[in-house]
Amino acid sequence: MSQSASPAPTPAEPGRLAIEARNVVKAFGQGEGEVRALNDVSVEIRQGEFFTLLGPSGCGKTTLLRLIAGFEMPTDGTILLDGQDITYLPPNKRPVNTVFQSYALFPHLTVAQNVAFGLQMQGKPAAEVKETTARMLALVKLDAMATRKTSQLSGGQQQRVALARALAPKPKVLLLDEPLSALDLKLRKEMQVELKRLQHETGITFIFVTHDQEEALTMSDRIGVMSAGKLQQVGTPREIYTRPVNRFVASFIGDTNFLTGSSAPGGVRLPSGALIEAAVTRPGAVTLAVRPEHVRIEAADSPGAMPATVKGAVYFGTDMNYQLALADGSEIEACVVSGVTGEMALNPGEKVGIRFAPGAVQVLED
Amino acid sequence: MARQSFSAVRLPGFTTTAVLVFLALYVPIFTLVAYSFNASQSVAVWGGFSLDWYAKAWANTQVKEATLRSLLIAVSASAIATAAATMAALGTTRRKAFRGQTFIYVMINQPLMVPEIVTAVALLIFFAAIKVATGYQGLGYLILAHSAFCIPFAYLPIRARLEGMDLSLETAAADLYATPWQTFRRVTLPLLGPGIIAGAMLAFVISLDDVVITEFVKSGGQDTLPTYMLGQMRRQLTPEINAISTMLLMLTVAILTAFFLLTRKND
Amino acid sequence: MSPAEKAQGARTIRNAWLLSAPALILLTVAAAGPLLIVLVYSFLLKGQYGNVEWGFSLDGWRGILFTKDIFDDTMVLADAHLTIFWRSVKLSILTTLITFVVGFPTAWFIATRPPKARALWLFLITIPFWTNLLIRTYAINEVLRKEGLVNAVLLKLGVIEVPLDMLYGPFAIFVGMTYVYLPLMVLPLFAAIDRFDMRLLEAGYDLYASRLQVLRRVILPIVKPGIVAGSILVFVPSLGAYVTPRVLGGGKQMMIGNFIELQFGQGRNWPLGSALSMALLVVVMVALLIYVRFANRENAHG
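Protein chains in written order, with this note's numbering: chain R, 1 to 366; chain B, 1001 to 1267; chain G, 2001 to 2302.
Possibly wrong hints are sitting among the right ones.
Derived lysine to any residue pairs resembling SDA-like cross-links, with alpha carbons at most 25 angstroms apart [said to hold, decoys possible]: (1) G/K2224 to B/V1009; (2) R/K196 to R/D82; (3) R/K230 to R/G203; (4) G/K2006 to R/T62; (5) R/K93 to B/V1009.
Among the chain R residues that face chain G by a calculated CB cut under 8 angstroms, a handful are [as the list claims (entries may be wrong)]: (6) E20; (7) T75; (8) Y88; (9) L89; (10) A279.
Rather than coming from a laboratory, the hints here were simulated on the basis of the structure.
Just so we're clear, the structure is a prediction, and the values are computed from it rather than from any experiment.
C-beta atoms are modelled at their ideal positions from N, C-alpha and C, and glycine is treated no differently.
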């Protein structure tokens, strides 16, 4: 029975919006015990893009996904798909499919029957169901497993079945709820490549939920960083990493040095007296973020460098991390590419000068 | 002498007691079965092996009618109870607590809590009044009573199966364009199948075995196998009772073995 | 909550009730509802040929403990009734105790088998549990009667010279009830022991406890919920037993269940029978409440 389910898929048009969430609120519980899983979240996801919702567990990313899928209704706000309001449309009437974290493969059906399920529910003719199922199984390289029961498959294979099953009805948007979290590292890397390939080949909009920053950075076109029910920042991986807007984003993605100072003409004055060049728009206390790899260590007498003392060093293989103390006692971390021998170039107690790479200092909003 | 290593889980006399308990549980049953093959006229003396009592029981029209009646009631009651219990299980499990939920639980499990004799008396009074009012004397009363007290037995395995079921499977079906009815028909029901069969089998056994409520509810000439046997026990005992008991016992054991295998395979 | 969320919530609750409705209706008509009629009947006048006559009366309830003196119509304590109650309570407590004493080692034995064997032993306990109560009671009759197995063995061994008369009396009822209700004790005990962490035993022995001390100080306190559950499960049906005392008690040695039946049969005193039924129900409910309280407290601790 297809009725309104999945109209013919419109080819993805870059720039047009696939999903738009407007001021979405989702509260669980009532009165005193009310918890806002989503607190006024608005986001625009473009057609054909690989969009990642990134955040720690409990930040609301899965809730947002479930609202888009239609498994839950928002307490307030609107969700649009292709410009149409789908806020209260039941999940079986939305051309949106989900790859579940637990895969949720039907244990009583074979691999092929699982993949065919959505197509059958849409009332597609048998021949088309068969043809599409075969094509999907080929797409995820599981043609040989068609008649197996899902319980006989490995974790990676189950993952592929879940993907094929969700892609088979050609959804406008594919939702992936931490789909790789159950796989081991090697398989996860393989599947990351595989997912990118599938997204490229199908042209379908992917909304991917993860708590793994590396996964988000390597796979996404754009990332939405979430925390405490709010969307903290949306941007390309590069923007998110190099231009974090606040403390949460800066610390959740990569390692960061936070420096507090006060607004001064031409930049920010640190307690040590040093003036850091930065574009500051407001007066008063300011927090700065600097990535450790953008901290350069120079000779103690290097002109214009801030004096610092080496406190300790940790060897990471490719990198070497130095803990340094500034004149006022505040600590700062610097990351340097290891030398050929891997020996420490600096010893604790040594006096050095440090400088930040041009443009590396980011002024945070909070 | 071989040294025995220290075993923390062993307690003195426990194994012996357990073995004696199992013996005590089964010796009476085996004695009963053995005497069903007794050629002697009396239950008292062993007169050699014979199948006469089975032939006699089989030829006894009262036994035959009671058997058919028992089966008819058990089949109808377990079917009704299982259908009602399946619906109730679907209604009460896997959802947020709501007002009245405890009431539903208490109602469903009520037959397990109220002494059978009390329910029997209550039904005797109630049905007596209805019999007078409507003039209907048929098996409907027994089927109705059996259906009611079989519900909790059918409900328990179905509910257990439902609670063990991954909720995301039904969510996945809805995600894949299945309507609520299609989700139930294509996903929930097939996965629930073993639980429903198990529930139906327990209900069937419970109905088949009932003595007290049947004894109070039945009208004249509506003996089931157990109430027929109860009646016979007031009279001179013959191994015919043993033969009937043995047959009923075999049926129960067969169903239970099937239940055992069915639930184990799905663990 | 948004209106849509509210509507959805209301819908699931309505579905819960709609789906439960057939079961609730069946149980109301053919199980719970009629109990109210019994309650009403217990306050009515006794009819001459059974049944009741309309008119409020406490005779039914009074009749539980008192009876009219044959000579002067004054109310005196009904000794015969008290004997029956005392016998019921005594036999039920005794049955509960003995099933625990032999049931605990049995449950322990099953729980300490390797997993495969455990399933089989458990199955062997459940078979008698599901076997027809009447058949099991009759099987005890087979064993206890004059020419039965026990007498035959004892005679052969020369322990006795004349067959013992064990049937038809409190002893036979007690043996029968112990036999038929034993699985009800073993199963919850097994469930409790199965959850018991056997490493605690090693900890106990490591800390110098003897076997008996480990049993008393470690095992029994931890499996207590199972003991309470088993005791309730045995005590409640024992108190309301009907079939076992009827078959093994020989008619004269009644228990409450048979006494109730008598009121609806030859006794022709429906109000008294109804009052007795309600009294039995109250006692059982109190026992169950104690159990629920206890179980909740245990849960709160755990």
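To test your reading of the hints: which numbers does this structure violate? Structure breaks hints 3, 5, 6, 9 and 10.
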